[in-house]
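Peer 1: Got chain A sorted already, so can you dock chain U onto it with the hints?
Line by line, the protein sequences are chains A and U. No gaps in the numbering here: position 262 of the first sequence is 254 in our numbering, and each next residue is one more. No gaps in the numbering here: position 91 of the second sequence is 95 in our numbering, and each next residue is one more.
No wet-lab data here; the hints were simulated from the structure. Values in this document were obtained by computation on a predicted structure and should not be read as measured data. Among the hints, erroneous ones may be present.
Per label pair, the in silico range of CB-to-CB distance [claimed, not checked]:
{"no.": "1", "chain 1": "A", "residue 1": "Phe(-1)", "chain 2": "U", "residue 2": "Phe515", "range": "41 to 49 Å"}
{"no.": "2", "chain 1": "A", "residue 1": "Met172", "chain 2": "U", "residue 2": "Phe515", "range": "17 to 25 Å"}
{"no.": "3", "chain 1": "A", "residue 1": "Arg90", "chain 2": "U", "residue 2": "Ala503", "range": "36 to 44 Å"}
{"no.": "4", "chain 1": "A", "residue 1": "Arg192", "chain 2": "U", "residue 2": "Thr355", "range": "34 to 42 Å"}
{"no.": "5", "chain 1": "A", "residue 1": "Met119", "chain 2": "U", "residue 2": "Ile321", "range": "57 to 65 Å"}
{"no.": "6", "chain 1": "A", "residue 1": "Thr316", "chain 2": "U", "residue 2": "Asn92", "range": "53 to 61 Å"}
{"no.": "7", "chain 1": "A", "residue 1": "Asn177", "chain 2": "U", "residue 2": "Asn457", "range": "16 to 24 Å"}
{"no.": "8", "chain 1": "U", "residue 1": "Phe515", "chain 2": "A", "residue 2": "Gly241", "range": "33 to 41 Å"}
Glycine included, each C-beta is placed from N, C-alpha and C at the ideal position.
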Amino acid sequence: MWLLQPFNEGATRLFLGVLLACLALVTVLHLAVPAGHPLHVSAYTVTLLGKYLSYALLAVAVDLVWGYLGILSLGHGAFFALGGYAMGMYLMRQIGDRGTYGDPILPDFMVFLNWDSLPWYWLGFDMPWFAFLMVMLAPGALALVFGFLAFRSRVTGVYLSIITQAMTFALMLAFFRNEMGFGGNNGLTDFRELLGFDLRTDVTRLGLFVATGLALALGYVLCRAIVTSKLGRVSVACRDAEARTRFLGYRVERFQLFVFVVSAMLAGVAGALYVPQVGIINPSEFSPIFSIEIVLWVALGGRGTLYGAVIGALLVNYAKTVFTGAMPDAWLFALGGMFVLVTVFLPKGVAGLLSYRLKRKEHQSDDSSTPQEATS
Amino acid sequence: MRMIRSFVPGLLLLFLLVGFVPVAQAQDDPGQALLESLATESYAEKSEAIEAIITSGDERSRRWLEELLDGKLQRHKDSGRFVIVVENRGRSWPVIDALSFDDAGEMSRRDLDRIGINNALRGQLQSALAVLDLYTDDVDDRREAARELLGSMDATLVEPLREVIADEGDAEVRRLLEQGLAIHRLSEGDIDAIAELEGSLNSRVRAALNSAARSDDPLIADAASAALDDIEQKRRLNSGLETLYFGLSLGSVLVLAAIGLAITFGVMGVINMAHGELIMLGAYTTWAMQQLLPGQPGLALVLSIPAGFLVAALAGIAIERGVIQFLKGRPLETLLATFGVSLILQQLVRTVISPQNRTVVSPDWMSGSLMINEGLSLTLNRLFVLGFALVVFAGLMLVMRRTRLGLEVRAVTQNRAMARAMGIRATRVDIMTFALGSGVAGLAGVALSQLTNVGPNLGQNYIIDSFMVVVFGGVGNLWGTLVAGLSLGVINQVLEPWAGAVLAKIIVLVFIILFIQKRPRGLFPQKGRAAEG
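Chain A on its own, in the form it takes in the complex:
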């Protein structure tokens, strides 16, 4: 079965092994080592790591379209945020009458706005299965419509990047409006419990961390399966020579659309895992700068490798945590500098650096999975 195909690869097994080992290690260090011990991992750190892992899943989703399809999406933050909002809506409904206004059905902000009933698009979000379905379907639907229109008329390259950016910008403006019914500026927050587990307990946080790690492992395997399948080979062909692939008889836009939608759904799942750990979702996740930051994670880690995206997401976000804590002013300098240095000096990212070392050892000369930019 094609989904199990990746398990035959050494690199994937290595990646999964490292990931699962890390999950187990953090769990043990959190539960078994007493607080105060230098090796103890606090609940705060667990949540922070969980956040990084959800970002890593998002980066994998971006790498799938950018690295293997050649589509630089500057709007993946929108899919991430939509998934997050779907989860947020479920969590809002779970609050029930424990909100400030004590309304059993309406979330606080709707009571505040004097709404007397739930808007139709909030219906059903009290049921977890529906909400979790929407976590994937909402971003997927947006990607389907947007991608269908864009790929059909062969909007590619820079143009596509710019209109994806415009898409997330438009969504950000829309979600800032109170009339939209998504909490406007403040977004959705004040969550209590998820599937009956209190979000404020350490055990739930650990559970969310492990769930995110497993989701990342699954997402990684799925992406690996896609890129190693025949579908993936055609995608790479589209990336490197779109016109030639078309002339060979492949319907390029269908391959692009499929991969784009899968990637958007993965981004949605990442958003859904992110929200309960961070405790808030607001329109700033839609901001173009966030989407472009995701691309940096991938570029820094090395595009077209998937594991590079994970490394990049973890590295950059760890750096962000350190910098914004120690020298908040310097963070944008560092981020901007990374953009410039990575693109100019490190076009294949950290992963490229690693595989270059490996190759020199093994005297290999050809690696088909490194991207070659089509000059269009």
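Peer 2: Positioned in the frame of chain A, the structure of chain U alone reads:
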């Protein structure tokens, strides 16, 4: 408060020593006699006294009448001296002399007699004050006064106004006064007055016609409603023109922001995400110029035009040499790298100058507005920016079409290898083109500093819009950028009234996204070989 209280005894002493001296002098002043006539019990006599003051032509009469209206013109019981109360709180009030307007210390409230007025006198005073301004030398003041008078005329004013009209040199003032008289006549049931009021956009005229339209006389009512319909039509036209103006103004801003991008992105094919920050640098140059030349905002602004161009162009050259030249033929990487540059520039401004917005002063000749008619006035700063955008566009067209640089740029973009074979130094052309596009961004910044806040986020707000304009207009086409920018501005303004500002912006974005699906190469696609770049 405590300090003021401790001054009170001293001031009182001062008053006692010198207080009575000016009164002696004042006996010769004709003003004293005029004011004396006010100090009577009879309101009819007071009314005559007011008339006397108006016709006296005394330049202090305006102040007297105003203070009288406020109840602050008072008379000292014992000395008969007239004073103006500055503040009537507490027991003793600080006063100034009513004749010389000099400080007259403080007086006990018990010693003062207020010159009372009733409602009839109040009305008389109000219109008298309005008429008084009609005698000033300044035309603008006279117009303002005439406008004030509209709709508040009564029978007593008709005769004096006819005299004023006969003497008035300014046609606008005459027109306004005649309109005012017509409103008065209309209120007395004169149907011919409606003809005179037709087509006026003044709100008072409309109010008068509205009440006439409800009149019992069907003839007057019909004529008034007909006139109202006419006015309504004119108003609609006006608001249409206003929307168009605001749209063009917004469009000109978009054009300014995008036109530099049209050069770097459209002609050179370089995605410069730091374009917005180059605009910001231009705006900050204006601010810095005004700090260097305090008190001369106009001169500073004029000097900022070349300075802003230069600063942004130099920054552009630095970006081109430092980053972009290494990323030739890799547009997506260029996009990311220049985005990094934009973050660095933003943070640089935040760290070096301030994260807060800076205010850039508008020079006098740019503030104010140009009045087309009573319902429509165009703000001058927007008009200037609109003109500036067109001038910059024309200049850029000239450079691209008529200069050697423009020729070389077009040659290099069409066929780099061939151009180099013909002896064009392509690298130099790259630098010059990028400097030109960046410099124009700086010019946009100078213009924007007159319309919006100058802050570190200034550029970010325009970068997406600018790309939209360039892509919508058709990459590599300056005319396309102009048409796209202006039309997007107008569309946005047309949508705004019924959709709201944010929704209008969203609709425009969605419209462009859909438009690009339909015509991926924009409004005016490039033809020929360059199209397949």
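Peer 1: Which hints from the list above does the structure break, by number from lowest to highest?
Peer 2: none
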